[in-house]
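**Student:** Chains as they are written, first to last, in our numbering: chain G, 1 to 479; chain X, 1 to 102; chain R, 1 to 533.
Please keep in mind that the hints were generated in silico from the structure rather than gathered at the bench.
Here a beta-carbon is modelled for each residue, glycine too, at the ideal position from N, C-alpha and C.
Fair warning: there could be bad hints in the mix.
[What the hints assert, rightly or not] Interface residues of chain R toward chain X, partial, derived using beta-carbon atoms under 8 Å:
id, residue
1, M292
2, L297
3, Y335
4, G369
5, M393
6, R448
7, A471
[What the hints assert, rightly or not] Stretch-level coverage of chain R by chain X, calculated; a stretch enters the list once three of its residues show a Cβ under 8 Å from a Cβ in chain X:
id, region
8, 70-82
9, 383-391
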Amino acid sequence: MKDYEVIIGLETHIQLNTETKIFCSCKADSWEADPNTNICPVCSGLPGVLPVLNAEAVRKGAILAAAMHAHINPKSYFDRKNYFYPDLPKGYQISQFDEPIGKGGYMDLPMENGETRHVRIHNLHLEEDAGKTKTEHGMRLLDYNRCGVPLVEMVTEPDLRSGDEAAQYLIRLRQLLRWIGVSEADMERGHLRCDANVSIRERGSTILNTKTEIKNVNSIESVRQAIGEEAKRQIELVESGGKVESFTLDWDADSGKLKKMRSKETEADYRYFREPDLLPVVLTPEEIAQIQAGLPELPLARRERFEKDYQLSGYDAEILTSERSLSDYYENAVKAYAGEAKAVANWMMNDLSRMLNDLGKNADELNLKPDDLAEIITMVDQGKINAATGKNLLKKVEESGKSPAKIVEEENLGLIDDSDALRTQIEAILASAPDEVANFRAGKESLLGWFVGQVMRSSGGKADPKRTREILLDLLRKE
Amino acid sequence: MTTKRISTELFEKLVSLAALELTAEESAYLFEEMNHQLTSVEALSKIPLPEGTQPSLHGLDCLGSAPRLDEWQPFPNPKVIIALAPETENDMIVVPDVKGAK
Amino acid sequence: MNLTQLSAFETAQKIRSGEVKAIEIVQSALAQIKKVDGVSGSLEPGLLSPEEEKKVHAFIQLTEDLAIRQAEKVDWMIANGEEPGLLAGVPLSVKDIFCVEGTNTTAASKIIANFVPPYTATAVERLTAAGALVLGKVNLDEFTFGSSNESSAFQPATNNPWQTEYVPGGSSGGSAASVAAQEVALSLGTDTGGSIRQPAAFCGVVGMKPSYGRVSRLGLIAFASSLDCPGPVARDVRDAALMLQVMAGNDPKDSTSSTKPVDNYLAALEQDVKGLRIGLSPDYEALYYPDMESGELYSQPIQKEVHDAVLQAAEWLAKAGAEIIENVPLPNTRYGIPTYFVISRVEAASNLHRFDGVKYGYRTPEDVGDLIELYRRSRAEGFGLEPKLRILMGMYVSAAEHASAYYQKALKVRSMIRNDFDQVFDPHGEHQLDALLTPTTATTAFKRKAVYGNSVLMQYSDQMTVTSNHAGVPALTLPGGLDENGLPIGIQLIGNDFREDMILRIGNAYEQITADEAWRKVRPQVLQGEVIA
Numbered sequence: 001m002k003d004y005e006v007i008i009g010l011e012t013h014i015q016l017n018t019e020t021k022i023f024c025s026c027k028a029d030s031w032e033a034d035p036n037t038n039i040c041p042v043c044s045g046l047p048g049v050l051p052v053l054n055a056e057a058v059r060k061g062a063i064l065a066a067a068m069h070a071h072i073n074p075k076s077y078f079d080r081k082n083y084f085y086p087d088l089p090k091g092y093q094i095s096q097f098d099e100p101i102g103k104g105g106y107m108d109l110p111m112e113n114g115e116t117r118h119v120r121i122h123n124l125h126l127e128e129d130a131g132k133t134k135t136e137h138g139m140r141l142l143d144y145n146r147c148g149v150p151l152v153e154m155v156t157e158p159d160l161r162s163g164d165e166a167a168q169y170l171i172r173l174r175q176l177l178r179w180i181g182v183s184e185a186d187m188e189r190g191h192l193r194c195d196a197n198v199s200i201r202e203r204g205s206t207i208l209n210t211k212t213e214i215k216n217v218n219s220i221e222s223v224r225q226a227i228g229e230e231a232k233r234q235i236e237l238v239e240s241g242g243k244v245e246s247f248t249l250d251w252d253a254d255s256g257k258l259k260k261m262r263s264k265e266t267e268a269d270y271r272y273f274r275e276p277d278l279l280p281v282v283l284t285p286e287e288i289a290q291i292q293a294g295l296p297e298l299p300l301a302r303r304e305r306f307e308k309d310y311q312l313s314g315y316d317a318e319i320l321t322s323e324r325s326l327s328d329y330y331e332n333a334v335k336a337y338a339g340e341a342k343a344v345a346n347w348m349m350n351d352l353s354r355m356l357n358d359l360g361k362n363a364d365e366l367n368l369k370p371d372d373l374a375e376i377i378t379m380v381d382q383g384k385i386n387a388a389t390g391k392n393l394l395k396k397v398e399e400s401g402k403s404p405a406k407i408v409e410e411e412n413l414g415l416i417d418d419s420d421a422l423r424t425q426i427e428a429i430l431a432s433a434p435d436e437v438a439n440f441r442a443g444k445e446s447l448l449g450w451f452v453g454q455v456m457r458s459s460g461g462k463a464d465p466k467r468t469r470e471i472l473l474d475l476l477r478k479e
Numbered sequence: 001m002t003t004k005r006i007s008t009e010l011f012e013k014l015v016s017l018a019a020l021e022l023t024a025e026e027s028a029y030l031f032e033e034m035n036h037q038l039t040s041v042e043a044l045s046k047i048p049l050p051e052g053t054q055p056s057l058h059g060l061d062c063l064g065s066a067p068r069l070d071e072w073q074p075f076p077n078p079k080v081i082i083a084l085a086p087e088t089e090n091d092m093i094v095v096p097d098v099k100g101a102k
Numbered sequence: 001m002n003l004t005q006l007s008a009f010e011t012a013q014k015i016r017s018g019e020v021k022a023i024e025i026v027q028s029a030l031a032q033i034k035k036v037d038g039v040s041g042s043l044e045p046g047l048l049s050p051e052e053e054k055k056v057h058a059f060i061q062l063t064e065d066l067a068i069r070q071a072e073k074v075d076w077m078i079a080n081g082e083e084p085g086l087l088a089g090v091p092l093s094v095k096d097i098f099c100v101e102g103t104n105t106t107a108a109s110k111i112i113a114n115f116v117p118p119y120t121a122t123a124v125e126r127l128t129a130a131g132a133l134v135l136g137k138v139n140l141d142e143f144t145f146g147s148s149n150e151s152s153a154f155q156p157a158t159n160n161p162w163q164t165e166y167v168p169g170g171s172s173g174g175s176a177a178s179v180a181a182q183e184v185a186l187s188l189g190t191d192t193g194g195s196i197r198q199p200a201a202f203c204g205v206v207g208m209k210p211s212y213g214r215v216s217r218l219g220l221i222a223f224a225s226s227l228d229c230p231g232p233v234a235r236d237v238r239d240a241a242l243m244l245q246v247m248a249g250n251d252p253k254d255s256t257s258s259t260k261p262v263d264n265y266l267a268a269l270e271q272d273v274k275g276l277r278i279g280l281s282p283d284y285e286a287l288y289y290p291d292m293e294s295g296e297l298y299s300q301p302i303q304k305e306v307h308d309a310v311l312q313a314a315e316w317l318a319k320a321g322a323e324i325i326e327n328v329p330l331p332n333t334r335y336g337i338p339t340y341f342v343i344s345r346v347e348a349a350s351n352l353h354r355f356d357g358v359k360y361g362y363r364t365p366e367d368v369g370d371l372i373e374l375y376r377r378s379r380a381e382g383f384g385l386e387p388k389l390r391i392l393m394g395m396y397v398s399a400a401e402h403a404s405a406y407y408q409k410a411l412k413v414r415s416m417i418r419n420d421f422d423q424v425f426d427p428h429g430e431h432q433l434d435a436l437l438t439p440t441t442a443t444t445a446f447k448r449k450a451v452y453g454n455s456v457l458m459q460y461s462d463q464m465t466v467t468s469n470h471a472g473v474p475a476l477t478l479p480g481g482l483d484e485n486g487l488p489i490g491i492q493l494i495g496n497d498f499r500e501d502m503i504l505r506i507g508n509a510y511e512q513i514t515a516d517e518a519w520r521k522v523r524p525q526v527l528q529g530e531v532i533a
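Chain G extracted, bound-state conformation:
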């Protein structure tokens, strides 16, 4: 069998998280709504209605273009894509054809083997979403709630080389979309949809062969599997002397099978022409500059910086840059903390993350601020409280909203710092356990742990373990 290369390009549809639809003032998100309750004459395609562009959809589209290093077109145009389909009330979709909002761009995808796949973007364009149809006993039921939701369609060049890479691309894209705040990118809610174009060629060849299009891959896993299946199918076909034909395939996630949908040749001519009801989309140089300048440090760039600046492992840096608010939190805590960034990382990845999970909150929703975390860690460092107390403080600060120092004071959580007082306490304990003292002195040094436990119990956990051990040893080893 020859050595084949799999060539993949992805088309993603990204639902923007604006308040309203792109051409009318209905809600952009109506996942929970009853059918046909989030509609108006404009998105239902009634006669006589006109589209009015949502400025925020343009801004978010431009932000995404900037984050993908694409060229933002200062003047882009809407076009009509004409075809008949029941989920398209006007009989045309308002989209952007030849002058889209963003052209070019790329994403440098870190792969598991340590290499980077440079994935080029062909273009990004704004368009309106179609409605939903449900098939029931031979009839179609139409729900227009989703008609007019703002989408950005982003098309890559055929730069991906495996189902895994495609999956990685989607994971990174999802992360990026949430990071820059333009989409919730929840694939289960259809915020991020994907079609994959797949072809094969002999390794070493540079030509592009006939490709098939896989539709309806609605999860990261589906993308991985479907592409794998299709690549396999094409290779088998070619190996047995067949020719790959241009088909649209539908991925059935339940059965894990690809089904032919329709031949691309018979696809309609959409007769694109400029949308006469809308004016060109204009972004001034100031607006574009503002958008570029307003871009946050992007996740992959930040991950690299965290590894370098904070000496974090790749694994730790990945986790601490997985989500923006967590990442900002970490950085702010590090800045407030005088010690090693790694220490903060440990706290974040363990106890803080656990708390976020339990509470179902994002890091920027916490009452426990980065400063507070830094303070708690510092107090443990300084021996003012022990580690266990520190961990409990996280929750206490979150629930009460008070500063760590205040809580420590109020609840008397501070470690007993005063060596004399501690010494006195320990002496009392030794006096009350003469047998154990004798045993220890006879050689059973393992009893030290027991003594420490006793001291802890009697002090309500506030004794400094280190000092306790020192003093115990001192007293026990004395004759």
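Add chains X and R to chain G, keeping to what the hints say.
**Tutor:** Just chains X and R, lined up with the frame of chain G:
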């Protein structure tokens, strides 16, 4: 007898693309009229365009309405829209399925 | 006093002063409609008695209850010292292409014969907010596709009130006829290639296509979105100015509606024409019609009386102090119709996609069992021939293989047509015109059935008007005399972008100069025997 500008097969294809169905009489009339109109349209092909002529999407420079603010303004009565449909079920519009669809 | 003889301006004056009540206006309008209109247009007209031949048939639907409610409101406001609006009590008809909430809006088509929209067009809203009374929806060519009103699915089609065996023109035939027949004082029409001006000329009334974007298109069932303009049809220039004043202005819900401030049109009427530069163009003195074999354009002279009327108008305006500039070239005028065949059809085909039997309007009663069949049958049964023709034409010239040769080319020719106007209106150019004076149509009205069926010939009746749609500039048609058969002649003034004030001013001056002309005293056939109070 007019010079044929489009073929009958192309005409049939257009009818299909336009989601129309024509009687023989209508077909004959419309086919003829289309060809007449295309004869008139042929004048366009002969017009020499000055260098750099741009297409005009609107006649004049539209100093139009600015894009709107992203503020929710629900249509007061969506039920009224669905009530316009010839057939509905549970507030969804009903149409027959496409034959041969999955 | 015969209330139906009052102009809109006079009506509003008398209402506001309390001399007349709005409810009386409604009653007199309804009486006039009853007298002259005959049966309203309908899908199944049945056998018509011979008297119907002599009726106007402007209306598809009378909205008596609506008008009465509106009149009661106006009367109440007057009684309570509240400001009732500039058009208080003025009877208005609305071309049935505008959505009016709660009333059938048919577009004169079977496909939405029973469509009741849940919203009202902005233009209509502004008029009723100013106190106008909507007497009913008037007939038109189906979806505004036509220049004679004959293609309406609601028959009998409107007749020309001057001589009822002639067409009123189209597509705003019902608008023009209802004003000419004194059924209403004002009518709201639309003009995409000449659809207000041509019927206004044929019916001897005033009609205006404002600049593109001057009046909101929201609620107007679209034909060609880059060309459609709602506009006034009225008996005189002052009424047209008044109606435009009320309707004009930005609508944030129409992205193409202009944010330019609205001028004071009534004030503009006060000014004279001294020193104004008014141009005459040889390119508007002939009709450029294609040879059906070769496609070559050959010129035909326009009707002599029409030509003479324009020259006469120029003379009068010159006497009043205007400067007439002859031989102003607008060489791309002759390409107006071919360009229109392409651009308007592409947009129309797309705009008509939404009529598919699914969401509203007509759905085929056949049990089709397949969605594509449903589309086809519903559209085949619901649309008349002219919409079908426009759809097919639009699809052809925008198809991927032809788009460049036809659609893209047409958009460029449009630039050239626009450029013609830029040249003549350029304040530093060779001609520096304030307005162009042209015929509105090459001929006066034609007889019913004389042209219908010949779609090219029918479209060419818009040759003089379509250029201003392509360019977006405003244009006004005025009665300019009668031909030897007693049919009205229309003369047209075309102005620069958003210079409605200029053409209204010149039109008003012309009206005053010709106030005592004999032809102004001739009444249309349907108003013969009427006592002039």
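**Student:** If a hint holds in the structure, say so; if it doesn't, say that too.
**Tutor:** Tested hints:
1. M292: 5 Å, holds
2. L297: Holds, about 5 Å.
3. Y335: Check passed: Cβ of Y335(R) comes within 6 Å of chain X, closer than 8 Å.
4. G369: Constraint on G369(R) satisfied, holds at 5 Å.
5. M393: 6 Å, holds
6. R448: 19 Å, violated
7. A471: 4 Å, holds
8. 70-82: violated (count 0)
9. 383-391: holds (count 5)
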